[in-house]
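So the chains spell out like this:
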Amino acid sequence: MVKEMASVDIPADMELVYEYPRSLTKAHTHYCPGCTHGIIHRLVAEVLDELGVRERTIGIAPVGCAVLAYYYFDVDMAEAAHGRAPAMATGLKRVSPDKVVFTYQGDGDLASIGIAEISYAANRGDLFTTIFVNNAIYGMTGGQMAPTTLPGQVTTSSPTGRDVATTGYPVRMAEMLGGLQGAAYVTRQAVLDVKGIRRTKKAIKLAFQTQLAGLGFSMVEIISTCNINWHMSVTQAMEWAKKEMVAYFPLGDTKMTDEVRALKEGK
Amino acid sequence: MAKKRKRELIEGNAAIAEAAIRAGVEAFFGYPITPQTEVLEHFSRRLPEEGRVFLQAESEVASINMVYGAACAGARVMTSSSSPGVSLMQEGISYIACSEVPAVITNIMRGGPGLGNVQPAQGDYFQAVKSAGHGDYHMIALAPASVQEAIDLVVLAFDLAEKYRTIVIIVADGSIGQMMEPAELPPMRPVRPPEERPSWALTGAQGREHNIITSLYLGAEKMEAVNLRLQAKLKEIAANEVRWKEYSTEDAELLLVAFGTMGRICQTVVREARAKGMKAGLLRPITLWPFPSARIAELAEQVRGILTVEMNAGQMVEDVRLAVEGSCPVQFYGRMGGIVPLPDDILPELEKLAADVAGGKEA
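Chains A and B, in that order, give the protein sequences. Reminder that position 56 of the first sequence reads as 56 in the working numbering, one-by-one numbering, no gaps. Reminder that position 32 of the second sequence reads as 32 in the working numbering, one-by-one numbering, no gaps.
Among the hints, a few may not be true.
[Said to hold, decoys possible] Keeping only pairs whose Cα atoms sit at most 35 Å apart, straight-line, the calculated DSBU-like set for lysine-lysine is:
| no. | chain 1 | residue 1 | chain 2 | residue 2 |
| --- | --- | --- | --- | --- |
| 1 | B | 233 | A | 26 |
| 2 | A | 243 | A | 264 |
| 3 | B | 163 | B | 276 |
| 4 | B | 222 | B | 233 |
| 5 | A | 26 | A | 202 |
| 6 | A | 26 | B | 222 |
Just so you know, these hints were derived from the structure itself, not from any lab.
All chains should be built: construct the whole structure from the sequences, respecting the hints.
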């Protein structure tokens, strides 16, 4: 099912200004048109390239839309049970402390079924990095209510809109995990425009640097879109996420230890 | 001249942990639960002493997934629990089985179902042998009958797990775990250095293509191909790794079949039955999967009847009956809830079998 893209030769008289990240394979994406997973995959790959750690990086894929992430990242990867990626990453990193380990998880995986595993990994300060893609819906199963679905948001399992009186409230994971002592760097970013994408990349880089420096657990929550299951155009989805999601899930750092701040400021 | 190793008085749970350390285990992830907590406690003290990894997880769900992660890295790793905790691990066990990474689990069985109690029981036979998680696979299931055998089987478990890239479960009960007996621990094996981890392991894609460990195969043909490969491996294991012990079976007319603690108690039953003039023998399966079906089938041709004794409602007896295929009567005696049948309870059952088969009555 994974098709390789054709490679393109650069003519001798042209300058290469935009390169495919070494940490990505050339596999064709299975993600829906308009999906932001592709952007986030690329950002992670660029960071791994820039840090020069591709050959010692091990990723853990979730259950959800990114279940096939291992086809796209050209690093060693395992596929976890639903929500268990942080426990796998803990086991893996503890026996391979010289490796760079990351989990890549969606909101159902991380904030619902896997909330125990991510919380304890963060609390222990396990030395891996989590990329948490929050698009407020279960994408792979076709648009059901997620732990981060907004109040009133219509999904296939909340057909009259999420009723917080019976289903509780959207979980703010960055705030929750940022409150744990073992977490060194927790931030929420958004890939809804160019500026946000650039900020997200910086955050991803700092998260991996936090791991490399052995400072503790690091997570970048990324506000993302699912235009298909939101039944919107790509542009509408970006606008809706900016207006509605960011209002409920404010962007910014929820945890940055002094050591991470020093790292960020290059001290 | 090799230095003579000495036997020491050691508790079953501690012996299991220490044997794993001697066998080169690199990491242990577990959660406290009676009656296996001493396994975790022993590791918590000894693994840091040896510079290896110990972590008390937040749950058995996390434990088995930490084991999965460490196994993916190619490390020698184990977890341990008791019945309700092993139930929580079923999901992870299924993933590990499909991903074909080696791992060792210990189940120090207690009374069930549900929360049950903390008395020794054998009610998890089906779970260990037939239904460990979803999908088509088996674990190798090893059943020790003494502290010494538990030690020996832990060492074997790691070797089998790595040889076949499979899960091995040690199925003991609370009495093996809690009992102290003189036993001899194996010599310390060197821990395999990280640079010698297997080529399939996730060690970083340096100078090679990236390794992927997954249990997801979206195409039906691919998923069937994976299943066929797993089944071929299980067939190989079944052909090569069946283990059992026999006691006084040469001239036996009545055969007892029992495993673990029950197998040990039934040795006494055989002695007492022989003293009463009954030609009794015992077959004690050591591998519950693969099951010694062929040998039981042979003995079924020799004996007049079989009595299977278990600390459950009758689980292994189903495999005994499948092996025997009706060629002799198979009766069952068992107690549940953590009650351990004693020779005085079992002997009358054997006498009843003797009377039934003497009268030509079908079991």
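Against the structure, the hints come out as follows:
1. For the suggested pair residue 233 (chain B) and residue 26 (chain A), the alpha carbons sit about 33 Å apart, so the restraint of at most 35 Å is met.
2. Taken as a hint, the residue 243 (chain A) and residue 264 (chain A) pair is honoured in the structure, with Cα atoms around 29 Å apart against an allowance of 35 Å.
3. Distance hint between residue 163 (chain B) and residue 276 (chain B) is unfulfilled; the C-alpha atoms sit about 46 Å from each other, more than 35 Å.
4. In summary, the hint linking residue 222 (chain B) to residue 233 (chain B) is supported, as the alpha carbons are separated by about 17 Å, within the 35 Å threshold.
5. About 24 Å separates the Cα atoms of residue 26 (chain A) and residue 202 (chain A), which keeps this hinted pair within 35 Å; it holds.
6. With a CA separation close to 22 Å, the supplied pair residue 26 (chain A) and residue 222 (chain B) stays within the 35 Å bound.
In this structure, only the earlier hint numbered 3 is contradicted, and the remaining ones agree with it.
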